[in-house]
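Colleague: Spelled out from the first residue to the last, the chains are:
2 protein chains.
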Amino acid sequence: YILSEDDDMHTPTLFTEMDTLQREGDELEWKETARWVKFEEKVEEGGERWSKPHVSTLSLHSLFELRTCLQTGTVLLDLEGYSLPQIIDDIIERQVEEGMIPLELREKISFVLLRKHRHQTKKPIHRSLADMGKSSSSTSELLGLNCCNGYALHGSKFFGVPGHTQSRSMNNIAETPSPDQLKNKFMKKIPRDAEASNVLVGEVDFLNKPFVAFVRLAQATTLGGLTEVPVPTRFLFILLGPQGKAKSYNEIGRAIATLMVDDLFSDVAYKARDREDLIAGIDEFLDEVIVLPPGEWDPKIRIEPPKKVPSADKRKSVFSLNEVGQMNGAAGGGGGLSEDEEMPEQHELGEELAFTGRFCGGLYLDIKRKLPWLPSDLYEGFHIQSISAVLFIYLGCITNAITFGGLLGDATDNYQGVMESFLGTALAGSVFCLFSGQPLIILSSTGPILIFEKLLYEFSKNNGIDYMELRLWIGIHSCLQCLILVASDASYIIKYMTRFTEEGFSSLISFIFISDAIKKMVSTFKYYPINTDFKPDYVTTYKCECLAPDPGEFTPWTEFVWRTGTSYLPLNVTALDWSQLSKKECLKYGGSLVGKSCKFVPDLALMSFILFFGTYSMTVSLKKFKFSRYFPTKLRKLISDFSIFMSIMTFVGLDMLMGLKTPKLIVPTEFKPTRSDRGWLVMPFGKNPWWVYLASFVPALLVTILIFMDQQISAVIVNRKENKLKKGCGYHLDLFWVGVLMAACSFLGLPWYVAATVISIAHIDSLKMESESSAPGEQPQFLGVREQRITGILVFVLTGVSIFLAPILKFIPMPVLYGVFLYMGVASLSGIQFWDRIKLYLMPSKHQPDFAYLRHVPLRRVHLFTLIQITCLAVLWVLKSTFLAIIFPVMILGLMVVRKMLDMVFSQHDLAWLDDLLPEKEKKKDEDKKKRKEKEKDKKKAKEDDSEDEVRNVSLCCPLLEYWILNWCLL
Amino acid sequence: YILSEDDDMHTPTLFTEMDTLQREGDELEWKETARWVKFEEKVEEGGERWSKPHVSTLSLHSLFELRTCLQTGTVLLDLEGYSLPQIIDDIIERQVEEGMIPLELREKISFVLLRKHRHQTKKPIHRSLADMGKSSSSTSELLGLNCCNGYALHGSKFFGVPGHTQSRSMNNIAETPSPDQLKNKFMKKIPRDAEASNVLVGEVDFLNKPFVAFVRLAQATTLGGLTEVPVPTRFLFILLGPQGKAKSYNEIGRAIATLMVDDLFSDVAYKARDREDLIAGIDEFLDEVIVLPPGEWDPKIRIEPPKKVPSADKRKSVFSLNEVGQMNGAAGGGGGLSEDEEMPEQHELGEELAFTGRFCGGLYLDIKRKLPWLPSDLYEGFHIQSISAVLFIYLGCITNAITFGGLLGDATDNYQGVMESFLGTALAGSVFCLFSGQPLIILSSTGPILIFEKLLYEFSKNNGIDYMELRLWIGIHSCLQCLILVASDASYIIKYMTRFTEEGFSSLISFIFISDAIKKMVSTFKYYPINTDFKPDYVTTYKCECLAPDPGEFTPWTEFVWRTGTSYLPLNVTALDWSQLSKKECLKYGGSLVGKSCKFVPDLALMSFILFFGTYSMTVSLKKFKFSRYFPTKLRKLISDFSIFMSIMTFVGLDMLMGLKTPKLIVPTEFKPTRSDRGWLVMPFGKNPWWVYLASFVPALLVTILIFMDQQISAVIVNRKENKLKKGCGYHLDLFWVGVLMAACSFLGLPWYVAATVISIAHIDSLKMESESSAPGEQPQFLGVREQRITGILVFVLTGVSIFLAPILKFIPMPVLYGVFLYMGVASLSGIQFWDRIKLYLMPSKHQPDFAYLRHVPLRRVHLFTLIQITCLAVLWVLKSTFLAIIFPVMILGLMVVRKMLDMVFSQHDLAWLDDLLPEKEKKKDEDKKKRKEKEKDKKKAKEDDSEDEVRNVSLCCPLLEYWILNWCLL
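As given, the protein sequences belong to chains A and B, one line each in that order. Under full-length UniProt numbering, the residue at position 63 of the first sequence is numbered 63, and the numbers go up by one with no gaps. Under full-length UniProt numbering, the residue at position 516 of the second sequence is numbered 516, and the numbers go up by one with no gaps.
Hint data in this document are derived by calculation from the structure and do not stem from the laboratory. Among the clues, some could well be false.
A pair holds if it fits inside one copy or across any two, identical chains being indistinguishable in the list.
[Claimed, not checked] Below, a list of computed lysine-lysine pairs in the BS3-like style, where the Cα atoms sit at most 30 Å apart: (1) LYS247 to LYS839; (2) LYS726 to LYS687; (3) LYS726 to LYS300; (4) LYS634 to LYS519; (5) LYS596 to LYS368; (6) LYS672 to LYS454; (7) LYS52 to LYS839; (8) LYS519 to LYS637; (9) LYS661 to LYS368; (10) LYS588 to LYS247; (11) LYS637 to LYS846; (12) LYS839 to LYS189; (13) LYS724 to LYS300; (14) LYS308 to LYS52; (15) LYS454 to LYS526; (16) LYS209 to LYS583; (17) LYS209 to LYS368; (18) LYS247 to LYS721; (19) LYS300 to LYS768; (20) LYS900 to LYS189; (21) LYS188 to LYS52; (22) LYS300 to LYS846; (23) LYS247 to LYS846; (24) LYS839 to LYS188; (25) LYS768 to LYS846; (26) LYS300 to LYS721; (27) LYS189 to LYS584; (28) LYS307 to LYS721; (29) LYS634 to LYS624; (30) LYS535 to LYS810.
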């Protein structure tokens, strides 16, 4: 079929409406019974409402009848029509000319076709209530059905008065759409340039053979109230037939309507030159049609629209290749052949990671790539979704800042405390978000850095070296090393990180998040021990008294001074009223606490647990709420977007209501370094001997590796192709700023910052965009991420000003924030293929979801792959728990080595599905294709890898290894 | 088509297997690629596994090609075949005879067709591991594919040796199935009488036109390893064709395989006399086929099998009526006409409630109906499901017994306490379960009875009448009244209870359950107040001391005696060590408690909340677990069945682990009346004046109404047709036993018992049976309820012996049981249509589920109906909270009056969908049909009700009422 190939002209989308002829009281009228934008919506007769959009299931019979109708009926293409009566006149004229209908029926047919049209419109409840009141007077009008007054109402009965004057007065209504049409909210669902096709079917008693007409107007014209919405009509299909076969006519109407909204057939209909073109279009449609056997499907079930339909272009190309569309059951029939065609898309890191070979070549390209996006990076941030993202990430960031700040303070004797942590986060984060290559990445303190600082502080304390100065020099060295890495395009090596490595890293980080959240929760139980022996009746025996120390044991003054450490208050200890002292005071002044209740703190632990678990589970439920049936889509989306905020608010509210003294978020309120003996600026010289400045190169190297791995792997995860990022990434630029910020932070004595995987993933998740579904029933598609710099900058600015927000923040209990942490960890796990594969272990194979890789890789091999990943993770987890944690990011390199070894266990085919291929292999293949003749031997070897079956054999080289691993796991 | 009409003979189910010819190394072999029991399962080539069962989507093209194949190919019907080689010989013979293939191809074709068959079998992981080890030696065998050794392996290559001797030695394998076939677990999924149809398709290089054969054997024969399972083959379809069109052949193979499992076509295939019959069968199939437009559906999506498919008989009848199957979109095309056909099934209470008019007629029928079931009532109880049901209901019952026992004890000064409650529950329950008409009903104390007892006790105390004796006489009178009601078949009036009344009652009871559970939980917070001002640091200031009363205020001896009430211990109060006393002792001896912590009890309230909420949510999650993908179906079902037990165990465990003194279940351990001054038997005479014996007739009347309504409405709910009970019910018999037990309980001084709605529903829910799905992909159907007497009897026997179980039961915390209560309430709400309709308020109409009534009744009317129900419930709820609670069941009569009034607001059509029609209306209709001529006027009126449109008008009579009601709600 040639017509469909010259598709230089775009045809408009068609909106199809089917009206059937029905008798309402004594009046005949056309009543809308179904409509199509892409899927069918039917008027539920009894329910007076639109059905859900569904796939039109047709009967083969009706399609054949339609074909016959078009063969025998009138086909008028490019008719010059300006009003319905004129068009109908033209049609009847033609039919009379061709001798298909006798002249005397002319008027009758015309009369019937010009009856008024009644549309099913959706009305708000208050309007339908008003109608209810009205309609009590005129009972003949159906409730909720809105009569379109397109044509004047003729009260006279047609069938009683055969010689009735023709209702030509009807065409006085202009082409301007009626108010009801304009008010119709359904218009929003129809594309702007759409045209309408109207299908009119009905049975009348004066015909003895069907009257069929298919009309294409030369210009799309608004034909009064013919269509529900003010969309100009282009096509008109009319089927009037003898009585008794209403159902059959209906089916034919549905068939042509379905055809009209089919992308290919509508093309054909627009371009058809004659009747034969249309028939050929139907035949083409029939050839592509999907058939369900009647015994396996109930035709009454309405099929929900699928997530995705094949695009028209694809169908066209399939057809032009003269191949029958491949049915789901048919794949693999060719045995191996068809599989190679279906190889998954290759892992593409894009040109961002190409090795330029020039000095700063990568950095230059990064800047060149990102600069044009800068304006849009700013204005695209203004969206309601950004608010929820900012709140969510802000809370995550300050919790992180407080946690790490507290830990750093402990580790470094408050040289870097919570205050420094806040300030550093704000500074580094906002600068990074403003200038970096990938502003979706959130900088934060990370575990390895914390451990490094701890070891460093201990080292310097033990060796009498000034910690801050040493740290400054390490920072400077590390910054220089980073810049060297940037200048030499070293980031290109992360090309060798495949899904295996990424997943290993990110799930490990997620597990750490989860375990940290739970650990914190458990520590609450230790911090606020519960008195499990408490018997309500013996409340009288529970007390805690502060007893004065034995006066004989110490001379009051010296002992007191020694105990309090810093303060030298001239207090007379013996004069104290010991029973009035608080617990802390008592211990401070050397008293001892005696009593059953001293060790215990009531309620707080359990309340903390309720807050923690409540926040987590409420967030999870609200996130899921997007998929529930309740409330309109927009509201649901809002609830889902703000789920974390709403959960936090709820449980902060609950906590305030209970009024218990749960541990609250405490942010520093004064702008000064945590330790009073340090200033805001660290001087580079003076405190340490000169060789320390040079020797700090060595620890700096470790820090550089730490930072490089941590930063770049997070960046790879953020830039994953699943996230559909459009503005490109900038690995070199990112590393540049991380290096610069490191030096800056070192000078200011602030902690060092690097990309935080989990928070960055949370950031991306909270900024995901979905298409607003256009045609009813079409699934919203994931469009990408709102890539901009505003949310990041706002988060860090807020973090900076948190010092002033302390009065508000102090209401937030810590367990609520731990709940948020837990959620972040769990959420970043879901969606990882590795996690899906772990779940497969628990599913019997018949219940497993239809993942693409399961269709192509044997389950055993999938399980083996997962098992190796789990083993790697377990090893990493154990290592992380030892002092080796400091070289943790370096261990990622170990993962990459394991991945390299997997090439020996798995075939390239399996790896392509489960993982990605390593670049060398791809390169090798490319080379093979280019230089076929060269390197005979090498090629032969590579070719072996290529061929499907041979690869299987290769994978069998290590069956014993495989056997051993699997057995080891089962034991 | 005539053949399908004489269906006196039942045709066996067909199992279809499709094998395709594939080259494995240098060998040709037939490899199984798909199979059908009812739905298609495909071998995932790469995944080496069976796909999920799905609906076979065919291409129209392949169906037409198949039709052509059958027209041109060889069709051999009723061939006498005993082995594959002989059958193949016969086929080739025929083809050669007809000149369709040249003689020289004979051997080649035969050779190809006799190649070995390899089946895809599912193996446990350890076997596939063993295979893995083996296969390392012979790399040509594919992993996981189990070679069927049906035919001897011929190592020689066919294509290299054209003149090869024919492999006739193959037929030495007997008809006995191979061990691999017998081991195949898939056999369980195939019906016992099934026969196989084998489809063999493949491409060969020596043919230039297709070789097609369709064979029906005279006798189904096991043809060696042809079929995956040891099922005898009846049909054989062979398609060999020239190379290059493998996909097309595959599709044809799938088409014939799908046809063979179609109920109607397989009938045709069994009965076909000639080729034309088969062709006609295909045409018939094509006529019924469901067509999906290619633009609205992606053929790659595998369609999940539907919940239900139209039965073959229905399809047959539709076809014989010469009507095209009605498509989902087509309904309502006839405008009102088609709707009347689709009226919902009528509410049927069956002959159980027919008014016999004879003395004890109903009772006699009940006994006659139930007696034959008695043996099965006993042995059908032995099932694993019963254990979980017994445990669940037992816990519900004892919780109820303790709760009501406690409340009754309070209300009657312990004349009836927890002990009596236990004993009564056990006695009444087990007798009822043993002899009643509906043993699924669980007897329990109910709220109205409790209130009645309370009022009665107060009355008798104030008027100096002996309570126990009065109660006995009321019991006797009430019993007699019940017996009169039984004798006069009075239960027939509950016919007038429609869904409206049932739903109102049962949701009210559910709400009471839920609110009680929550109230109890809240009261825990009052009972164990939390000290919200507690500051951990000031632990030293929290104490509670017992201070001795001021010695000047009272003379120690008298005052002490007065305060303690009963005991006259000669204790010297002044000599007490007041600080050592417990709270209770302190108050007992007149001390006063002073201190900040006296009023508070730490941790217990929060712990109770965690236990309560945890039990509830864990039960809900585990119940839902049945629908998850994890674990095999059986395990999931077990988890779901035992969900309540597992939750209780978990949280009892947690409670024990924490060791907190949460309130525990306390059952009496000694067998004696709660009040020491009453015995086990109440004497009827002696304590009250004679007129009391007669006057107690009046309160007895109230009790009778209470009991009658409470009992029978619960019975109606239990006997709902949705529960698919098969053994009938026995309203009269039930009432008889309730009456008798009432008298018995009165004599023993035990509480009165009546059917408990919520626990009975829970009982039924825990005994629901589902069919084990047979064909892969078929949905399990709800079969009914395990109707037996064992679970009920066990529950009450256990309740009786609970006194001895106290050491175990004392570990169960009360909040856990409140959680179970909450679950019971919520679970009995779900599944009520009323509840579904309430949810509709929150859903935008496009997201509403496709309920049948929504297709037929306008949403406004549905909402209005729901609103009226909500209003009624609210009124009942308010009344229940006042002293009117005593006439609560009488208010159900009020609901029935409201329902009667609804006839004026709603049309009969709407009511038929939303509710059930009242019996008069039905009767009237019946009368109308019978005596058309009689009562002209009455008939006319009734007819108005009948006609659809007129009914609408009737419903419009009260539009203002409707308007007012809806507006009132919106405000």
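Colleague: Work down the list of hints and note, for each, if the structure agrees.
Modeller: Results for each hint:
Neither within a single protomer nor between protomers do LYS247 and LYS839 lie at most 30 Å apart by alpha-carbon distance, with minima of 49 Å and 35 Å respectively. With identical chains, the CA atoms of LYS726 and LYS687 are never at most 30 Å apart, being 50 Å at best within one copy and 94 Å at best between copies. Within a single copy, LYS726 and LYS300 get their C-alpha atoms only as close as 44 Å, which misses the 30 Å cut-off; across copies the closest is 29 Å, which meets it. Proximity of LYS634 to LYS519 under the C-alpha cut-off of 30 Å is found in neither arrangement, the shortest distances being 37 Å within a copy and 36 Å between copies.
In this homomeric assembly, LYS596 and LYS368 never come within 30 Å of each other (Cα to Cα): the closest approach is 70 Å inside a single copy and 70 Å across copies. Within a single copy, LYS672 and LYS454 get their C-alpha atoms as close as 22 Å, which meets the 30 Å cut-off; across copies the closest is 71 Å, which misses it. When the C-alpha separation of LYS52 and LYS839 is checked against a cutoff of 30 Å, the pair qualifies only between copies, where the shortest distance is 18 Å, while the shortest distance within a copy is 34 Å. For a Cα distance limit of 30 Å, the shortest separation of LYS519 from LYS637 qualifies neither inside one copy, at 33 Å, nor across copies, at 34 Å.
Taking identical chains as interchangeable, the C-alpha atoms of LYS661 and LYS368 are never at most 30 Å apart, the minima being 54 Å within one chain and 69 Å between chains. In this assembly of identical chains, LYS588 and LYS247 lie within 30 Å of each other by CA distance neither inside one copy nor across copies; the values are 93 Å within and 87 Å between. Proximity of LYS637 and LYS846 under a CA criterion of 30 Å is satisfied inter-copy only: 16 Å between copies versus 33 Å inside one chain copy. Taking the shortest Cα distances, LYS839 and LYS189 sit within 30 Å of each other only across copies (26 Å), while inside one copy they are farther apart (39 Å).
Taking the closest pair of Cα atoms, LYS724 and LYS300 come within 30 Å of each other only across two copies (24 Å); inside a single copy the shortest separation is 39 Å, beyond that limit. Taking CA atoms no more than 30 Å apart as the test, LYS308 paired with LYS52 passes in both settings, with 17 Å inside one copy and 20 Å between copies. Taking the closest pair of Cα atoms, LYS454 and LYS526 come within 30 Å of each other only inside a single copy of the chain (24 Å); across copies the shortest separation is 49 Å, beyond that limit. For the homomeric pair LYS209 and LYS583, neither the shortest alpha-carbon distance inside one copy (102 Å) nor that between copies (99 Å) is at most 30 Å.
Proximity of LYS209 and LYS368 under a CA criterion of 30 Å is satisfied in neither setting, with 72 Å inside one chain copy and 63 Å between copies. Proximity of LYS247 and LYS721 under a CA criterion of 30 Å is satisfied in neither setting, with 50 Å inside one chain copy and 33 Å between copies. For the homomeric pair LYS300 and LYS768, the shortest alpha-carbon distance between copies (27 Å) is at most 30 Å, but the shortest distance inside one copy (37 Å) is not. Within a single copy, LYS900 and LYS189 get their C-alpha atoms no closer than 51 Å, and across copies no closer than 44 Å, so neither meets the 30 Å cut-off.
Within a single copy, LYS188 and LYS52 get their C-alpha atoms as close as 17 Å, which meets the 30 Å cut-off; across copies the closest is 39 Å, which misses it. Within a single copy, LYS300 and LYS846 get their C-alpha atoms as close as 27 Å, and across copies as close as 19 Å, so both meet the 30 Å cut-off. Only between protomers do LYS247 and LYS846 lie at most 30 Å apart by alpha-carbon distance; the minimum there is 26 Å, versus 41 Å within a single protomer. Taking the closest pair of Cα atoms, LYS839 and LYS188 come within 30 Å of each other only across two copies (27 Å); inside a single copy the shortest separation is 42 Å, beyond that limit.
In the homo-oligomer, the alpha carbons of LYS768 and LYS846 lie at most 30 Å apart only across protomers (25 Å), although the nearest pairing inside one protomer, at 33 Å, exceeds that limit. Taking the shortest Cα distances, LYS300 and LYS721 sit within 30 Å of each other only across copies (23 Å), while inside one copy they are farther apart (41 Å). Taking the closest pair of Cα atoms, LYS189 and LYS584 never come within 30 Å of each other, the shortest separation being 68 Å inside a single copy and 73 Å across copies. Proximity of LYS307 to LYS721 under the C-alpha cut-off of 30 Å is restricted to the intra-copy arrangement: shortest distance 20 Å within a copy versus 38 Å between copies.
In the homo-oligomer, the alpha carbons of LYS634 and LYS624 lie at most 30 Å apart both inside one protomer (14 Å) and across protomers (28 Å), since each shortest distance falls under that limit. Within a single copy, LYS535 and LYS810 get their C-alpha atoms only as close as 34 Å, which misses the 30 Å cut-off; across copies the closest is 16 Å, which meets it.
Going through the hint list in order, the structure does not satisfy hints 1, 2, 4, 5, 8, 9, 10, 16, 17, 18, 20, 27.
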